[in-house]
Structure formats: structure tokens, C-alpha cells
Amino acid sequence: MKVTIDGRELEVENGTTILQAAQKLGVDIPTFCYHPGLSAPANCRMCLVNTNKAPKLLPACYATCMDGMEVKTNDEKTLRTRKSTLEFILLHHPVDCPICDQAGECVLQDNYFAHSAQPSRNFTRKNHKPKATPIGNNVILDAERCIVCTRCVRFCDEVSKTNELQVVNRGERSFVTTFPGRALDNDYATNTVDICPVGALTSRDFRFKMRVWFLKSASSICSGCSKGCNITVDHGGGNTQRYRPRENQAVNRWWMCDPGRLSYKQFQDNRLTDAQIDGVVHPVREALSAAARRLRSAGDPSKVAVVPSLLMSNEDAVALAVLTKRAGFGGWYVGGRAAGKEDALLQKADKNPNRAGVMAVAKAFGIETNPLTALATAGASATLWFGHEHAVDPKVLAAVQQLSRVVVASNASEWTAGASVSLPSRTFEECSGTWISVDGHLQRFAAGPEAKGASVAIWDLCFRLLRSLGVMDVMPPASPDQVVAEHGQAVPELASMPPALPPAPGRPDQLRKARAA
Amino acid sequence: MGYKVARPELNIFEKSYVPEILKGVGVSSRHFFRNIFGKKDIVTVEYPEVKPDYASRYRGHHRLMAREDGTARCVACMLCSTACPAHCITIEAGDYGDTDVEKYPVKFEIDLLVCVYCGMCEEACPCDAIRMDSGIHTPSQMYRKDGRVGKVDLMALGDLSIAKQGGELS
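Chains as they are written, first to last, in numbering that gives the first Met the number 0: chain C, 0 to 516; chain R, 0 to 169.
Extracted from the complex, chain R is given alone in its bound form (with noise of 0.2 angstroms):
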């Protein structure tokens, strides 16, 4: 069902046009000098010359941090897809084959198309293996499908970490 809306009554002034269009171009005109002689009021940003100054808890694009020997800390553990609200996350697990790792991610990919950037994933690893501290925004893609990024690129971002791995007594 729709409903009346009181639309305003314009005045004779108002009607004829004239006066309107002329403080319009008013405005864009002091705008326009504006910015040309006074470049200090401008609001935009030149990204990415120029960078704003971000929160220090900023959440960017997600990256996988590595460990001394240069695998990712990730254990595959899915705590991040479960912890996900919108399951944007993908793992598969594979057997190391080494009893001190056991587990590893065959593939980790997450589609930055669909996540919310909630950070949840990196409050539930209990690796420090996902971090969303990278400061870098999502890149635009072409397709579709290049919104998953995998582990490769997330790792290109990683870092080590100085969290000890399995507990400080081991």
C-alpha cells in the first residue's frame, strides 16, 4: 500500500528556475576556485599516493603468517570457517606426515567477495596463523572467481610471528 507524501509548494522564484540554477552554479564555481587556489580544504585523498590515517585495529585484507621454516603456522584446524559468519573461508587438511606438525592446510582460501571483514577468524585461531592486520583493502578484480584469493597469496603477505607455537613448555 503506498502512501501520500506532502511534497513542498514551490514558490514563483522557485518555479521560473533562473535564480535556482544560478546559485547552483554559484556553489560549484566557489568550489572550483576553491580547490584550484586553496588545495589545503580538499576532503579527497589521493589513493594510493597519499594514505589516510587508519585505526589502529583497522581489519584489511587477511594474511597468513609463515613459520621459521617458511610453512604457514595454519593448522588447519577450521576454527576460522566455524568461527565465520559468512562462511567465506575453505580448507582442506592433509597429514603432514611429521608428528610434530601432523596437520596442514592442502588448500586455505578465502573469498574476499563474501567476507565481511569481521575479523572473527583471527580472534578464534589459536595459532596466530590468520592475521587482518595487513592495513591493505580488498583489491577489485575483474571476475568473480579472482575474489578467492589462496594460501599462496595470502602467505605473500604473511609474515613470521613471535607467538610460540604448542605452548611455551614443550
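With the rest of the complex left out, here is chain C (with noise of 0.2 angstroms):
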């Protein structure tokens, strides 16, 4: 059937809504309660549109499209309404956006600034209603603030299906809130304040942190498991902020969970930012050679066992995988961070972010791989070791200790602690590189904030290691792209590299400055 948006016709399908419709042709309608991965209620009416289907005017996201149907989104009547919408739904805002966490990617915000820009016409006192009340261990309600979009209250009863959150009370008096005796301290609850359009809902662990506008982003992978959900990694001074979720519907959809989403502090505490030689800092250049010695005098090279981390990036297991080779080293322990919780929507009880690579590039070069357990039986003399983030194994962690250890680690832990050579490298997060998820998508992940202190890619040092050690035929590549261009050909999994990533997904702040440009 044919519909005609703003004077330019399309084709659409029957249940297509005009909202769909619209932005297939790129006319912008504005939203507050509409989300793609949730059912439309049309209870914001921020998107009525005027048609001749219709003496009043129809919500766009809700109301399906018409053979012959004629919207329009710009006409006076549609302009007019939306200015009256958003009086409505400002009445009773308290406008506290200096305070409020939302302000920069604030919906309403934007909203009110290209469609009402009027002041307040209000003259009795505003409802007050609860502020700053924590309803759940991650997130905190500002109920002043809601607009009841009830975008939170749908996301829990659809998408994680906990059914925590109700709206209370009749008209203006009504907000959101839990019931009686409940929080919402569901895996999934900082979705809802991803998806609050306004700063009703906020994380606690964000909270008051850095103004939205300060931040930087960067499309990367969460390291908290193997599901390899998108996200954006946020990042100001220096240092990560947060994680946001980016939409990928073949992995994560709009969606990611609680425990990934604070997965960044795992790499903030204890950061090892130098090389140390017996636990003096020493030049990064210094400590290789050093660690070269120490490999080497520990004679028979197949005796030195090599620990992965499971936090490597592909490019860095190709790198390790021809250290591994060239230099004669015994085969790979692999370890890794403990089994944990598995739900049906995106935990995965494997929390290694790219086992699958990891095993794959071990595989396809022919290394032999064993559990990391097997190590303390296994009568090595020596153990160049990867990650910090290895389940502690008492056993292992004692017969480890007893070897000449060569530590490649981002942060410091039981198992770098007492290392004989510790390289500090970089984490995922100041890397780019590629990971293979346990449904097996090989996803890239972009560079975020700078590299800490003289801290070193992995494959970087795998290839500045190798010539140490005194191989010198093999050029170090320049990127870790060209690590698999030269060295990755032989594993099947890396035949086809997924693009270079675009830029991150902006903030509405970042968007709005574009569309003005």
C-alpha cells in the first residue's frame, strides 16, 4: 500500500506503523515513550501526527499505516499539538538539569528545545514527589522527574520479565515506583536507565561522576562474558566511566546485563602501569630483554608453559601463537576466569570473552593446549603468563609461585604478584582488536581511553619478545590488523575480518550538533 509522508510517497507493508514509515524516509518524529525493543502504548502522544484518516490526530508510533494515507508531520495543527504536549508533560518537571545526570542526553531536553521553547506558564506550586530514592542496588529514582512513558515498567515486564516496577496513583500524582516490599535488583535493571528518556531513572554507579558532555566514546565488546554483547565505552579523564549498550540484533539487541555493565572497575584498581625486574621498575625495553634471559636460562625451551588470558584479543593470540612456535615453547595452560551465571537472555555461564578465539588460533598453528590445573604436574621449569584474571587454583597458585615467571598482566593479582619479569600490558578497552563470542560472531572492538603508563599491547610484545629472544626474521607488524594479515592466515575462523568499526553511536547531544551542522 502507498502512504505519503510529508508530500513523498512510499510503498510499505500491511501493520507497517507510520513511525516505521517515517523513519524509512528519514523524517524525524519526535518520542518519548516509543523504544523499538518494547510495545508502543502511545501514552507519551509526543508523536501525533495529522492525516486525513483521521479527524483527530493519530500517534504515529502506535496507529499502523492506510492505503492513500496522507501524514503529515510538519503542518500547524501537528506543530501546535506537540508544543501543548510538551507544556503538559512539563508542567509538573521540576527542570533541576543543573543536578540532574540526564542532562546532555536528555529526550526532554531536546524535545522541548526544537519543539516548544516557551516558558513556563505554570503559576500554582509543582507536585512534589519522591526524590533521590534508590529502588534497586544500581539504580536510583527521581520520580519529580518521570514523564510516566512507562518505558521502564515495560522493559521489566517484557524484556527481563521480572515485573518489579508499577505506576502508582492518577494522573499528575502518578509515578513509577516498585511494589510494596520489592527493589529492582533485577541482572538487566541499569537498561531501564539506558532507556529512561529522562533522568527519572539514574545509575548510581554513574552517579554525579562526570557531566555526558565531558565524555568521550569508543564501539567496543563487554569483557564481563563469552555472549560478547556491543557496547559503548565512555570514557573522560583518563579513565572509563561507564558502559552503554549498542544495538546489535543478532547479539545483544538494545540490551546488556548489570554485572558486564560495572565489568569496567575490574581493570581501574591495582593497574600495573610499569615493567618491573624482581619488583624494581625497570624500562619496558630493559624488562624484555631481561624476561629473554630468564626464558632462556631456563633451558630446554618446550619446558617454559605458556598461559594465555582469555581477555586476549585474536590478534594478540595469533602474536603469542608464533612466539609460541618460533621460540619453541612448550604448549598452552589455559585458564581463565570461573564459570558463573547463565539466564536465558544474555549471561553466559563461560565469563571469558574470547575463549573461542583464544582456542581456535591454539588449533589452527597446531599448539597443544591442557587446563591450567595440569600445570602443577606438568614439570615445567619456567612459564610466561598472560592475565590477571585467572580463577585462583591454590595447587596451581603454589606450584606456580615455585617457577621463573615472566607476567604480561594489566593489573596486578595473586598471580603477578612475586613475578621475576612483569611487562604491563593494556587493557582490552585502550585496545582495538577482535574477539569470537560463544555463538561464534567474530566482533571488533575500538580503542577508548589512553594506555596507562608504559603499558604495551599484548601482540606488540609477543613480537618485541620474540626478537629478544633472538629470532630476528619476523618483522614486528605495525597494527594488530596486520598481525592477522601476516601471521593469522592459517586459522579459518579470521578468514573474513569484519570491517573497521564506525564511529561510536553519539549521545543526542553529539547527534543534535550534527543534524545543526
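Be careful, since some hints might not be right.
Label-pair restraints from in silico Cβ distances [stated by the list, open to error]:
1. C:368 - R:123: 54 to 60 angstroms
2. C:173 - R:106: 35 to 41 angstroms
3. R:141 - C:473: 36 to 42 angstroms
4. C:416 - R:122: 49 to 55 angstroms
Hints were generated in silico from the structure; no laboratory data involved. Cβ atoms here follow ideal geometry from the backbone N, Cα and C, with glycine treated the same way.
Can you join these two chains into the complex? Each is in its own frame, and there are hints to help.
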């Protein structure tokens, strides 16, 4: 059937909403309550548009197209309605933008400046509702700012299916809250903060940390488990400040879990920023030659046990495989984080983001892999150890502490303490690379915050260590992509690398500036 | 690339220097006696005992205004540090744990050596918290780090404001 939106014709299928048709044409219709991942209750009335098929305006997010429908999103009646709707929504809004964390990425701010921009005509006292009320471990509710779009209620009903939230009272006194005796503490609770168009629900973790316009964004992948949820790393002041989910219909749709969202913290505590030889800080160059000396003095190179980190990118794994093969080291002992909680939505029991990738590389290079527990009885004389995140096994820990250890890690942990040589590696946030998720998705992540201290990417360290070990005929590649292009041909999983990432999806304030330019 | 500057030719009197030196001594002596016997003509002000007339919009040392309970009016909205063209304002926000106030500056630092005294911060402030009307010049410092003045120093210059915080109808 044929619809006409603002004079432009479009052929649509039966059941297409006016909003979907408008989005296809690139026509902007403002919304609050509509979210593509949730049902459309059409209760905010922001998307009302004028059509020739009904005497009153129709909500674009809910009304479906009819044959021969002519939609006007810019005529005087629609614009006047939008202005009135916004005046109604803002009637009791506290306008405490200066202390609201949402300011800068607030849909209400954006829509107000785009469609209303008039001073308040309210001369009565504003309604007061509960402010700054923690309603769960990760979420704070400010009921005054709420515009009762019910996105959060629908999220808990339809996506997390935990039903904690409901709207209470009627009319201007209505607000969102939890059912009595319940808390918004499901594993996906902070998604309600993302989808809240205003500052009614804010994150307790990000609360007051930084104004959003100071943040820079990078497209990345969550390292919390093997699901490979697409995220945006927001960083400012040299540190990661928060993770946000990034839409990928094949993996995580619009969502991510709370443990994954808070997983950035494990890379911030006890960061290793300098290379150390026997606990004394040295330049990385000297530490590399010391590491080569220690590994060589261990005698038979096949007695050197290599422990890869499962946070390594495929590029790092290929570089390590080249190092293992050319230096003649023994097999890989694969550890990683302990298995954890699994659920039907996103969380996976395997908490290691790139087990699939590291194993694929080991297989393609013909490297023998053993579980980390086997290291205790392997009779190794030295170990080249990657990562701080491996689950602690007292028996293996005791065995490893007896060995001469070269440790490459981004953070300090039991495994890195007392290493003979320790080299600082970058976290995945500071590198670009690819991971293979448990479902076999090969996904790219881009570098976000600047690398801390003297830290070096693992693939770079591997090739430099190879030169320190006296293997001079391997040219160190210039980029992670080059590592795969030159050395990763044998890995079938890396045959078709994903294209370079587009710039991180902007926050509303950045998008607004881009539109204006 | 350099270029040639035409220099004036000196005549015979100027080349001999003596008349020019006497002229210079004459000017200096005239000022010397005028300063000693006719003090009214001196342009220099004996600061800080004597102060020049400031324009009413003179922007001096910043100060942080206080609420009636003695806390800073600042709600750490960071609009001043956003507006600041010199990036000299560092604010760390904290949670007050009080539903009336919510947000407050744990740290509020201005680097006076970086500040360009443009007054954008006081213009951006929605709370009448930061002002530049103290009329005090930037103090000189021995070390660069002393140019960073904190919340305590800024509030020591501060005062109560008659502006009502949080709007008129609350």
C-alpha cells in the first residue's frame, strides 16, 4: 500500500506503523515512550501526527499505515499539538537539570528546545514526589522528573520479565515505583536507566561522576562474559566512566546485563603501569631483554609453559602463537575466569570473552592446549604468563610460585605477585582488536581511553619478546590488523575479518550538533 | 626573510652625544623635582594603602557564595567549567545524601594562573554561587601550585546571597 509522508510517497507493507514508515524516509518524529525493543502504548502523545484518515491526530508509534494515507508531520496543527504536549509534560517537571545526570543526553531537553522553547506558564505550586530514592542496587529514582512514559515498566514486564515496577496513583500524581517490598534488583536493571528518556532513573554507579558532555565514546565489546554484547565505552579524564549497550540485533539487541556493565571496574584497581624486574621498576625495553634471558636460562624451551589470557584479542593470540612456535615453547595452559551465572537473556556461564578465539588460534597453529590445573604437574621450568583474571586454584598457584615467571598483565593479582619479570599490558579498552563470542560472532572493538603508563599491547609485546629471544627474521607488524593479515592466514575463523568500526554512536547532544552542522 | 629598516641618520650634535645626555638629565631632573615638591601630579598609586577607582563591573578574585547554613551554594553542575574558555576550573561532585541538596562540590579548584578573568563562569552559574566581584587582584605566588585556590579560600571571600535558590515557588 502507498502512504505519503510530508509529500513523499512510500510503498509499505500492511501493519507498518506511521513512525516506521517515517523513519524509512528519514522524517523525524519526536517520541518519548516509543522504544523499538518494547511494545508501544502511545501514552506520551509526543508523536501525534495529522492524517487524512482520522479527524483527530494519530499517534505515529502505534497507528498503522492505511492505503492512500497522507501524513503531515510538520503542519501547523501537529506543531501546535507538540508544543501543548510538551507544556503538559513539563507542567510539574522540577527542571533541576543542573544537578541531573541525564542533562546533555535528555530527550526531554532535546524535544523542548526543538519543539517548544517557551517559558513556563504555570503559576501554581508544582507537585512534589519522592526524590533521589534508591529503588535497587544500581538504580536511583527521582519521581518528580518522571514523565510516566512507562518504558522502564514495560522493560521489566517484557524483556527482563521480572515485573518489579508499576505506575501508582492517577493523573498528575502518578509516578513509577517498585511494588511494595520489592526492589529493582534484577540483573538487567540498569537498562531502565538507558531507556529512561529523562533523568527519573539514573545509575547509582555513574551518579555525579561526570557530566556527559565531557565524555568521549568508543565502540567496544563487553568483556564480562563470552556473549560478546556490543557496548559503547564512555571515557573521560583518562578513565572509563561507564559502559552503555550498543544496538546489535544479532547479539544483544539493545541491552546488556548489570554485572557486565560494572565489569570496567576490574581494570581500574591495582593497575600495572610499569615494567618490573624482581619487583624493581625498569624500562619496558630492559624488562623484555631480562624476560628473554630468564626464559632462555630455563634450559629446554619446550619446558616453558605458556598461559594465555582469555581476555586476549585474536590478534594477541596469533602473535602469542607465533612466539610460541618460533621460540619452541611448550603447550598452552588455558585458565580463565571461573564459570558463573547463566540466564536465558544474555548472561553466559563462560565468563571469558575470547575462549573461542584463543582455542581456534591454538588449533590452527597446532599448539597443544591443556587446562591450567595440569600446570601443577607438568614439570615446567619457567612460565610465560598472560593475564591477571584467572580463577585462583591454590595448588596451581603454589606450583606457579616455584617457577621462574615472566608475567604480562594489565592489573595486579595473586598471579602477578612475585613475578621475576612483569610487563604491563594494555586492557582491551585501550586496544583495538577482535573477539569471537561463544556463539561464534567475530566482533571488532575499538580503542577508547589512552593507554596507562608504559603499558604495551600484548601482540606488540609478543613480537618484541621474540626479537629479544634472538629470532630476528620476523618483522614486528605495525597494527593488530597486520598481525592477522601476515600471520593469521592459517586460522579459518579469522578468514573474513569484520570491517572497521564506524565512529561510536553519538549521544543526543552530539547528534544534535551533527544535525545542525 | 628579513627586510631592511630605514634608520634615521644622526646629525653632528646627536653623534657627539653630549647635548642629548644633557637633555635626558634635564627631563629626569624635571620629574624628580616635580615629584618632590608637587606631589599632586604623580600618576603612580601607593597600592595597597591607596586604591584606584574600579569600574563597577571590575572582575577580580573569584569567590564562592554561601547558603544560610554555611555550605557553598554551588551544586557542582559544572556549567562554569563547561563555559570556561581557559579550562581552569576543576570540580569533583559528590552526593550530599540529602534530598533537598543532592549534589555538592567535594573539590572546587580554580587555577588563577590559567584564568583569563573573562567572567563566563559567573554568567553561566545558575545558583549565584561563583562571583568575581571581590575587587581583589590575583595575589602573587611563590610557586605555581599556589595559584590553584580551593573551596576553602574561595568561600573565605564569599558571603550570603539574596538570590533564592531553587526558584521562587518551592
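Subject >> Pairwise beta carbon distance, residue 416 of chain C to residue 122 of chain R, judged against the given window 49 to 55 angstroms >> reply: holds (53 angstroms)
Subject >> Range hint 54 to 60 angstroms (beta carbons of residue 368 of chain C and residue 123 of chain R) holds or violated >> reply: Hint holds: Cβ distance 59 angstroms, inside 54 to 60 angstroms.
Subject >> Cβ separation of residue 173 of chain C and residue 106 of chain R, checked against the hinted range 35 to 41 angstroms >> reply: holds (39 angstroms)
Original post:
For the pair residue 141 of chain R and residue 473 of chain C, does the Cβ-Cβ distance stay inside 36 to 42 angstroms?
Top reply: violated (55 angstroms)
Going through the hint list in order, the structure does not satisfy hint 3, though it satisfies all others.
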